[in-house]
Amino acid sequence: MKHIRNFSIIAHIDHGKSTLADRLIQYTHLVEDRQFRDQILDNMDIERERGITIKSQTVDLPYVGKDGVEYELNLIDTPGHVDFSYEVSRALASCEGVLLLVDAAQGVEAQTLGNLYAAMEHNLVIIPVINKIDLPVANIEGVKNEIDQELGLDSDLAILCSAKEGIGIEDIFHAVIERVPAPTGDAEKPLSALIFDAHYDPFRGTIVSCRIFDGTVKPGDMIRLMYNGTTYKVEEVGVFRLPREPKKELTAGMVGYIIAGIKTVSDTRVGDTITLDNNPIAEALPGFIEVKPVVFSSIYPIASDDYPSLVEALEKYKLNDAALVYQKDSSAALGQGFRCGFLGLLHLEIVQERLEREFDQSIIMTAPSVQYRFFLNDSSVVEVDNPLYYPDPAKIRKSEEPFIKASILVPERYVGVVMKLCMERRGVNSHLSYPAPGRVEITFDLPLAEVIFDFYDKLKSVTQGYGSFDYEIIDYRESNLVKLDILVNGEKVDALSILVHHDNARERSLRVCEKLREEIPKQQFKIAIQGAIGGKIIARSTISAFRKDVTAKCYGGDISRKRKLLEKQKKGKKRMRMVGNVEIPQSAFLAALKTDDE
Amino acid sequence: MSNQVLPGLYVHIPFCKTKCPYCDFYSITDSTGANTFLDAVITEAGLYRDIYQEFDSLYFGGGTPSFVDDKEFARLVSGLQSLFVFSPHTEITVEMNPDDVTREKLSLYKSLGINRISLGVQSFNDKELVFLQRRHTAAGAKEAIHLIQSAGFANFGIDLINSLPGQRAKNWMKTLEEASSFKPAHISCYQLTINGATPFGKMVQEGALKLPSDEKQRNFFLSTSHFLKERGFIHYEISNFAFGEASRSRHNMKYWSHVPYLGLGPGAHSFHNNVRWWNVRSIEQYLKALSIKEMPVEGRERLSSEQLELEKLFLGLRNLEGVEISDTPCESINEVALKRLIAEKLVEIHDGKIIPTTAGYLVADRLPLLISG
Ligand SMILES: Nc1nc2c(ncn2[C@@H]2O[C@H](COP(=O)(O)OP(=O)(O)OP(=O)(O)O)[C@@H](O)[C@H]2O)c(=O)[nH]1
Ligand code: SF4
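As you go down the protein sequences, you meet chains A and B in turn.
Residue numbering for the first sequence follows the working numbering, starting at 307 and increasing by one per position.
Residue numbering for the second sequence follows the working numbering, starting at 3 and increasing by one per position.
Just chain A, with the same shape it has in the complex (with noise of 0.2 angstroms):
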């Protein structure tokens, strides 16, 4: 246990996490140079060209120390991005020491505070990086006064690397191996595990990363799953070696992985304490909170035939992905879908990406909504995130919306523009602080459901690239909410109905009219688009009829080019959505749904 060290490496987004956790490994010479794929950790293809974390894997270095011993050195990667706070949570619970990665271009953001917060209250040895440092534009006395100043580090601590050019690598390794303390606990006490992650393998099912605090865990032993009390028994333990290498047991302070046999990564729970079925402990590990979805969404086919692949391709997903949570939905306009719910709007675009490349399908998603809370007449509190269940407005008493805390850090010349987005969005309770010369954090109470309509981008926009976010919900609060409702000729088109602020009713309705206006081919008939709140109509458009579609000639090349115009068309056609008597385009759909404009 001696030489046993667990880290992480937490980050702001794009600051290098993976890029430094490629290069720990490729020093320590698990996977030979040449069949090095660039950022082994993040194995997705999409992480791979989003550049992000997603999933966190964990993989454990061998280094020898200076004093001649070899440390298994047990990074724990996680996820980068505030939707997945809790997964990083669990992984930090998970270690004694993190190295707190800043760019040395970029300097602190949001989420460099957010988790070192984080590691803080997990009582983790902090070791500041300065990363980047090739870059010209590099200022690393800037960032050094910052780390002092807004973090409350000493930045002589700090260790200066560049991920990219291999730069400090080692003095990262010896910083890991003397500041980090040794993992502490007892192997003869009944096993106590944290599952910090889990991951789905076809052959294998599921395979649980977890941290033995007390206790031995080996093949043949009876676990039990605390939360639920499922029992499974164990078939294969060991470490995150590349590729995973089994153990004869893992034993406390160590990090590895159990494999007994569970089908899903659903039916285990990050945050979960695992234990013997014989020999338990007393009580779960702290901290274990059920993630719940904070953002939904339908998710239809765009050819309804393809209901049933749409069907198999979710559970398939679903494996992996524990936090993906679905049910059977149904819509006048779309079929046959699922209603999803995610954990924010990140994990959502990670949904549907990964469905369409990975899994091939070609799907709509309907406006994203947060969960709103209805108190009735009778004294009933329904909670609603699909604006299908909307209840009757004349029953409802009061609404509720969910708010978060935005911390926002700026260079100060942006924080007019930053205060002007956020009242924009029904921030409240602004409050701004300096935690160094010509920064500012601006921390706002906001509506959630504002910030899931094209918040980060604006944010992005008017800072030009500098602001950045960090968020956490916080409560509910009264909303005056509506029902708005798009028509097709007079026809509702269910799918497009959102749940908004009554102060946001207009523009968004003019804005979807617009949209459809544009994407919606003229049909013979004249088609008026209109945005209604109950009867009342608060937004319109027409599309008018069209009079005359016919080229003139059609002689030994016109009939090709006419043909495949036409098979085009056909295709497209597959893709049209009949409402009433309208045929509403799958581009439609996606435009009117798009959240921002580009």
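Accuracy of the hints is not assured; some may be wrong.
[What the hints assert, rightly or not] According to the in silico footprint, chain B covers these stretches of chain A (three or more CB under 8 angstroms from chain B):
id	stretch
1	843-856
2	860-874
[As the list claims (entries may be wrong)] Pairwise CB distance ranges (calculated):
id	chain 1	residue 1	chain 2	residue 2	range
3	A	SER668	B	GLY168	39 to 47 angstroms
4	B	SER307	A	PHE665	27 to 35 angstroms
5	A	SER668	B	LEU310	48 to 56 angstroms
6	B	ASN37	A	SER668	52 to 60 angstroms
No wet-lab data here; the hints were simulated from the structure.
Glycine is no exception: its CB is placed at the ideal position from the N, C-alpha and C atoms.
Got chain A sorted already, so can you dock chain B with the ligands onto it with the hints?
Below, chain B with the ligands without anything else, positioned relative to chain A:
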């Protein structure tokens, strides 16, 4: 599929004295190489003797076939005649520019067996002719028509263009009236179509030129149809009117009903046994290929049965031949949709065929999609 109808032969003559700014047919103004070119056409024709033996239509289009030197032209016609069999009543058409029409040329054409003239008048309004940069005048066109008639070409057609930018309905109707007053066997009325690669296309892109609104174009179309029908013409295809069934262009009908045809010359298209192929759109490449007796083919496509059906459907819905319901696979025709189209008076059913109405012609590009529901 037994096919009693004989194939058609098309020859593309890619020379024009001047180039019209709206035209996207392949043609060049330098006709010095015409001799070599015509030899190449005969060579090309020779390459197809195994596939095609007999034709009952021959069409010289372009470009401007009438611009070619008479002797050369005679050589071409007799060359083709020696290579293929032409059935006794073959329809032989030559496209002529009014400026090229002379008594001598006409009598030569007569002697070569040409029995149909298609005259590119475009307009009887001089201002419009200037705008279109045509080399003839309205008076010249009338003169040409007289010559054609007195040479005894009963089967002649007049080509017109409408929907010019800023064109007044009154002026178009006058052109129509003039045209019909000559009692031609055939009138084609094309809406001006602007292709991006032409000078007019560029002007449209730059905003210097603006076509009439859809609404106006629609009015041109409807009033044209009404006017000519009142004078006894059959509106047998979107842009074509015939004075009596027999005056329909036999050759062009082949394009619309998948009858095989052979196209010679650069850019020409051919169709045979469900294969369509097309020649290179460049005289140089065309000559180069034929100098080594290679087919100057640029591309080919073999139509799948679905593609064939789709073509049948959209081609049929562009003319009065219509679409045989019993012949058409049920995926292509949706019962409910068809009823709706009938109710909307876009198509009619006659003798088991779906026939487009005049209003249907106006949305012909969309009919195949609407009809499949
Ligand atoms: N110049 C330079 N660029 C670096 C260095 N380290 C990382 N980068 C670049 O910075 C970008 C972000 O690096 P990542 O490693 O993907 O960042 P990350 O922190 O893992 O991002 P998330 O996965 O979103 O948390 C990439 O383009 C890297 O190539 C460095 O030391 N120097
Ligand atoms: S319109 Fe006729 S004459 Fe004018 S360039 Fe085209 S082919 Fe030649």
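Verification of the hints:
Remark: the stretch 843-856 of chain A is confirmed as covered by chain B, as 5 of its residues place a Cβ nearer than 8 angstroms to a Cβ of that chain, reaching the required three. Counting residues of the stretch 860-874 of chain A whose beta carbon lies closer than 8 angstroms to any beta carbon of chain B gives 10, which reaches the threshold of three, so the coverage claim holds. With their beta carbons about 45 angstroms apart, A:SER668 and B:GLY168 fall inside the hinted range of 39 to 47 angstroms. Between B:SER307 and A:PHE665 the beta carbons are some 32 angstroms apart, a value that agrees with the proposed interval 27 to 35 angstroms.
For the pair A:SER668 and B:LEU310, the beta carbons lie near 28 angstroms from each other, so the given range of 48 to 56 angstroms is not met. At about 58 angstroms, the beta-carbon gap between B:ASN37 and A:SER668 stays in the expected band of 52 to 60 angstroms.
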